[in-house]
Amino acid sequence: MIVNQRYLEASVFSFCIHAAIFLYLYGSFNSDLSKSILISKPLQIELKFDLPKKTKKQIPSLPEINKAKINEPKKELIYSKISDTISDSSKNLLIESSISELLSEESEIEISKEQKEISMYAQQIISTIENAWIKPKNIPQGLVANLRLIIRPSGRIIKVDLIKSSGNIRFDNSALQAVRRVETFNFFNSISKSLFEKEFQKISISFNPS
Amino acid sequence: MKVNLLIFSIILFPTLCFGELFLEITKGSEDPYKVAMIPFEGNSRLSKELNSIMQNDLIRTGEFSILDEELLLPIQIIDDELVYNDWKLLGMDYLVTGKIIKTDNSLDINYEIYDIHKKRKIRSSKVFGIPNQIRQLAHYTSDGIYESITGIKGIAATRLLYVNEIKDSKSVSIYKLMLADSDGKNEKNLLTSTEPIISPSWSPDGKRVAYVSFETGMAKVFIQDISSGKREAVLSKDTQISSPSWSPDGKYLSLTLYQDGNAEIYILRLRDRTLTRMTKQYAIDTESSWSPKGNKILFTSGRSGSPQIYELDLRKLNPKAKRLSFEGSYNAKASYLPKEEGIIFVHRADDGLFHIALKYKKENFIRILTEAKLDESPSVAPNGNMVIYGIKEGDLSMLAGFSLSGARFKLPASLGEVREPAWSNFLR
Chain R
1 MIVNQRYLEA SVFSFCIHAA IFLYLYGSFN SDLSKSILIS KPLQIELKFD LPKKTKKQIP
61 SLPEINKAKI NEPKKELIYS KISDTISDSS KNLLIESSIS ELLSEESEIE ISKEQKEISM
121 YAQQIISTIE NAWIKPKNIP QGLVANLRLI IRPSGRIIKV DLIKSSGNIR FDNSALQAVR
181 RVETFNFFNS ISKSLFEKEF QKISISFNPS
Chain B
1001 MKVNLLIFSI ILFPTLCFGE LFLEITKGSE DPYKVAMIPF EGNSRLSKEL NSIMQNDLIR
1061 TGEFSILDEE LLLPIQIIDD ELVYNDWKLL GMDYLVTGKI IKTDNSLDIN YEIYDIHKKR
1121 KIRSSKVFGI PNQIRQLAHY TSDGIYESIT GIKGIAATRL LYVNEIKDSK SVSIYKLMLA
1181 DSDGKNEKNL LTSTEPIISP SWSPDGKRVA YVSFETGMAK VFIQDISSGK REAVLSKDTQ
1241 ISSPSWSPDG KYLSLTLYQD GNAEIYILRL RDRTLTRMTK QYAIDTESSW SPKGNKILFT
1301 SGRSGSPQIY ELDLRKLNPK AKRLSFEGSY NAKASYLPKE EGIIFVHRAD DGLFHIALKY
1361 KKENFIRILT EAKLDESPSV APNGNMVIYG IKEGDLSMLA GFSLSGARFK LPASLGEVRE
1421 PAWSNFLR
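Chains as they are written, first to last, in our numbering: chain R, 1 to 210; chain B, 1001 to 1428.
Possibly wrong hints are sitting among the right ones.
[Stated by the list, open to error] Heads up, incomplete: computed chain R residues facing chain B, CB under 10 Å, no partners named: (1) Lys137; (2) Ile139; (3) Gln141; (4) Gly167; (5) Ile169; (6) Asp172; (7) Asn173; (8) Ser174; (9) Gln177; (10) Arg180; (11) Arg181; (12) Glu183.
Derived by calculation from the structure, the hints in this document are not laboratory data. Since we're looking at a predicted model, the values are computed, not measured. No residue lacks a Cβ here, since even glycine has one placed at the ideal position from N, Cα and C.
Taking the hints into account, I'd like the entire structure generated from these sequences.
What follows is the structure, given as structure tokens:
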């Protein structure tokens, strides 16, 4: 019995350690700026977006590039040794692959442009809330409260939910009060409709001063 | 006729009380909720009195700013729906309206709170009262307003104990144990003595008090029933007894006894008066106070060479005292915040001055909360948001308070000196 229990303890322990290592590595390889933006201004609000679509979009474009890259040297090696005429076809292949490369690059550029826009607006949301937030006095350190906002295309915040309480009512209230005070993000009319629908309809905000 | 007399006496009452404390608000917090309070419908004199008591209650918390009465707008209701936009333009967060319903033997209040941003009514309540208890009625109403806006229980309807020392013409002191509303009004004298009275402490139900009286020439702890005035010494031992503190369940009293050569902490079971010794030290152990759940006590001990704060876990057999304060050479008179998230105590700073300080459980540093010279005896309000304590202004002792959100107020007595405040539990 005792041996069994020890074994169990040991395996749980090892599972935990491996899980921790895995999570750590996974996290560091997948650090995607668009997923969570950390800001360290005087008040430090951390903004998180719900972005399920972004990663999906990138996935189909990546294999194409890889295919093209892997295919091209192989064919070159094989055909160039045999004859010049056949190598023409390999040239064609090369052109084809470079076109697909260019296309994917273009979509990458588009994505990064979108990314830039997102981070610009995110920055504006953050600074607007930062300006409206008055951190309560004499609260313990290390408090974090998360809110979810639902926003209209006009920038008007129509719903605020406290999705994670800090455990300190005064701190939670100050976060809610800051959002209430903002009421409307004035710059939302410059956000394109598609971008708004994709990214800014629903946002989560973490109040995390340190 | 009776009704008229009653109103007359209510209006005269404040001016007749010479010893009454006077409230002074000295600082607001930086982020108050902005509230418009429409004077309640009904008897205009009552409405005025009610309004001023409630406004004071809310402003004193430091979390509210109330719109000036001259700036109030008429209430507009279109299709049974309040017109919110006007209030929004005034920058208000909330609007409070109400009605006084008075009969010969009852005085009730109906009130409503509107959230201007969410554009809806967030509370509609009725408070029941009796005609000569308008202060109490006002306090209950302001607690209702405070709670529905902040989510934190209000403390306007709680009460304070303190000791008032008055010198007569031959400069002989008289000591009075006093009871008052949380705003310092409605004072009542519980005991008058020619010998000092110190360390008053509330029973958790707010019906009894314990205190130290030197009337026998020695420090002795007494328990007194507030409504009947009946009192008795808790122990007939021939030793000095001090620092009573009631356990949250009301069944025990922790005390300091001097029978072992120096001060040690004991717990007294009130049912059969059995004593259990909690500390064994050559140094002084005193000023015990209970945790909100009643499973720990805090006390001050000199065992390290200077007064510091220690904690005893009562759930353990032969518990070992755990030191909680390490900052500076003097930390004393500690009490817990209501969720046990931290402690409030007296700290002597590097400049040699005594301040009220806060230390959170999870932090390894203290926060100094007051800036006078000789701050003493802090007592925490039951919602944990306010602290009342003793200060010295010139040579005069008086009471001051602050809220953790940054508001400050003073309760200077118009007669004599006031010290040793104790904040009651929630009363109802």
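Structure-based check of each hint:
1. The restraint placing Lys137 of chain R at the interface with chain B holds, with a minimum CB-CB distance near 5 Å, inside the 10 Å limit.
2. Evaluation of the Ile139 of chain R hint against chain B yields a held restraint, the C-beta minimum of about 8 Å falling below 10 Å.
3. For Gln141 of chain R, the interface hint holds, the least distance from its beta-carbon to any beta-carbon of chain B being 6 Å, beneath 10 Å.
4. Taking 10 Å as the C-beta contact cut-off toward chain B, the hint placing Gly167 of chain R at the interface holds, the least distance being around 8 Å.
5. Taken as an interface hint, Ile169 of chain R checks out: its beta carbon lies about 5 Å from the nearest beta carbon of chain B, inside 10 Å.
6. Hint on Asp172 of chain R holds. Least Cβ distance to chain B is approximately 8 Å, under the 10 Å limit.
7. The interface hint given for Asn173 of chain R holds, since its Cβ lies 6 Å from the closest Cβ of chain B, which is under the 10 Å cut-off.
8. Of the supplied interface hints, the one on Ser174 of chain R holds, with its beta-carbon coming within about 7 Å of a beta-carbon of chain B, less than 10 Å.
9. At its closest, the beta carbon of Gln177 of chain R sits 7 Å from a beta carbon of chain B; the interface hint therefore holds under the 10 Å criterion.
10. Hint on Arg180 of chain R holds. Least Cβ distance to chain B is approximately 5 Å, under the 10 Å limit.
11. About 9 Å separates the beta-carbon of Arg181 of chain R from the nearest beta-carbon of chain B, less than 10 Å, and the hint is met.
12. Given hint, Glu183 of chain R at the interface with chain B, holds; its Cβ is 7 Å from that chain's nearest Cβ, closer than 10 Å.
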